[in-house]
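Protein chains: 2
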Amino acid sequence: MPAQSASTPQPGATKDDLDTPALILDLDVMEANIRTIAAQCAERSVAWRPHAKGHKAPSIARQQLDAGALGVTCAKLGEAEVMAAAGIRDLLIANLIVGPHKVRRLVELRRHADPVVCVDHADQVASFSRAMHAAGLRLRVLVEVDIGMKRVGVAPGEETLKLARLVADSPGLKLAGIMGYEGHLLAVADPAEKAASIRHALATLVATAELLRAKGLPCPIVSCAGTGSYRYSIQQPGITEIQAGGAIFMDAYYRHTCQVADLNYALTVLTTVVSRPAPDRAIIDAGRKTLNKEVHMPLVAGRDDIRVVSLSAEHGTLELDPSAQGLKIGERLELIPGYADLTTMLHDVYHCFRGGKLESVLPIAARGKLQ
Amino acid sequence: MPAQSASTPQPGATKDDLDTPALILDLDVMEANIRTIAAQCAERSVAWRPHAKGHKAPSIARQQLDAGALGVTCAKLGEAEVMAAAGIRDLLIANLIVGPHKVRRLVELRRHADPVVCVDHADQVASFSRAMHAAGLRLRVLVEVDIGMKRVGVAPGEETLKLARLVADSPGLKLAGIMGYEGHLLAVADPAEKAASIRHALATLVATAELLRAKGLPCPIVSCAGTGSYRYSIQQPGITEIQAGGAIFMDAYYRHTCQVADLNYALTVLTTVVSRPAPDRAIIDAGRKTLNKEVHMPLVAGRDDIRVVSLSAEHGTLELDPSAQGLKIGERLELIPGYADLTTMLHDVYHCFRGGKLESVLPIAARGKLQ
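If you read the protein sequences in the order shown, they are chains E and V.
Everything in the first sequence is counted per my numbering, starting at 1396 for the first residue and increasing by one.
Everything in the second sequence is counted per my numbering, starting at 1396 for the first residue and increasing by one.
None of these hints come from the bench; they were simulated from the model.
Take the hints with a grain of salt, since some may be wrong.
Heads up, the list lumps identical chains together, so a pair's fine if it works in one copy or across two of them.
Here are the simulated DMTMM-like cross-link-like pairs (lysine to aspartate or glutamate), alpha carbons at most 20 Å apart as the crow flies [as the list claims (entries may be wrong)]:
#	residue 1	residue 2
1	Lys1723	Asp1518
2	Lys1723	Asp1461
3	Lys1610	Asp1412
4	Lys1723	Asp1699
5	Lys1752	Asp1411
6	Lys1569	Glu1714
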């Protein structure tokens, strides 16, 4: 005896027609952001291979490719499989793929697409080489370089050269270049200091690429950059492509911590006020299972007089200035995610709006593809 | 052209047969935890209505009912719909349900199940009463009382009495009692202080129940308590049932912050070491999209010499003592979630093991039911 569940809203619906909480995507804003980033990259002759780990939707990846993106970046092999199943071939998996299950899947993926993978150790090189060579395939490989983030990657210079040479010499593999990520510099507050520190970090990446070439190794790809840094990174001579992905949605972290100014908020979460326990306090139906607050607290769109002060698992607590204290149970608010990347993964679908009308309900197809 | 995706492991598989990251549930441990809690409640003649927001799986709810639980608690109407579809009728939705979409769904749910809902405002009472009366149905309602947490709920005493009387007088509704949550007291470090403060908070709840009864109102249910407090709460005379749910899985927060000692870890995340960039640093394939660190950092099972020091979206960073520095790329570790409730929601399935062998792959059926 199935109980009725949340019904899927139909095209043409308004936001009032939706139940909440609901993830809302403003297509006009997202498409303008895509055009802006593509134009910024084109102006600097840097390619754009946007990260899909934030949107996880092949049709959005397709829009980015149509706008001029070179390919797609993924964080997980499972995400790349979803993109490949949608016919996208040029897929950078900007992560370290380890273990026999994944190597088998990578061989299968290589039959249908042209992935690029990363390595930071000879063991990974050996496992890819063995599997690809045995399958009669050739896999593009980047060496991941630690340019100061101290997470993964080999040291710039000689260490990278050594691993790159191993890749180039390994049957079944093709050295495609190097990548680094200046992720430790996104939140530097002073713009001049941020520019200088990113320049310094990327200079070591570019110098390493030049070292490889000087030693006779190919290095067509020199990849870096996220949304919080790409405006600086595309100015660095020698960078061939950037991975900035979250930029198409924007969020409070990118705006207020990373000071990204020229893109607009495309993603919101529609919520309902469910309790008004005190004049200055309202509770909404969106907590940490609907929104993430770890990187930046969500903001209330268009309401400077209402602040999200805490999120528990199932509730969000708002603090109301006197001008907002007329807020009633049942009223709705739109929240700007603190960090879109850790918000979309909580949802199954985007409610895609254009001009105030629902255009489509888009599955977040690679959600949960953690492997 | 579909690429091969992660294959579903077959019953009898070992953990080595799984790809990672993977959520692992030890059935023997979970079942022992269920028996322990049921016995603790029975000993105090307090009913157990375990919260399902953490496990989100009807078959686990069924195991709890078979062990003596009175019913199931849910955080969202959508979760209750999943439980009702599996034939579970006695469903407390321990949250405030607001808006015409949800009220319509609640009417439909009432046709198939016997939910109990909460209110903390006359507006909610009016909307439920109108809808249920029009449908010729009667809905059980609890008044949610703020016993010091300052999140939702009406004040104990006269305010609760007033709202309870409104419920009792509203057609289509049946006053079923009151609930409160001592969630602000879970992390009190000193056991004597914790016991005293929980006793004080719950005394106001019980006194309010007695006030209702003295005024001629029924109050069969007096509900409270989560995993971090239930051992104290079941000792409070006048409490009729508790909601502790995460206790069946346990996690680092409950053990180390809430000092829950008599239950064992049933849930882990199996991960693979994917990078060894420095002697004292290892990177695993589980970051914040696989584990949550907001409430407590995950622990490495059975390894005191390895600590999780940070989680970014896609990577986890481990710090290795000298005794652990032989750890190699490809080796596997099991992590104990920092907070199981915010971890299971990131996964699609439990890999259920018994005696080292996979018994089943259980869908987390109510995952993503945010409405």
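- Which of the numbered hints are not met once you compare them with the structure shown? 2, 3 and 6
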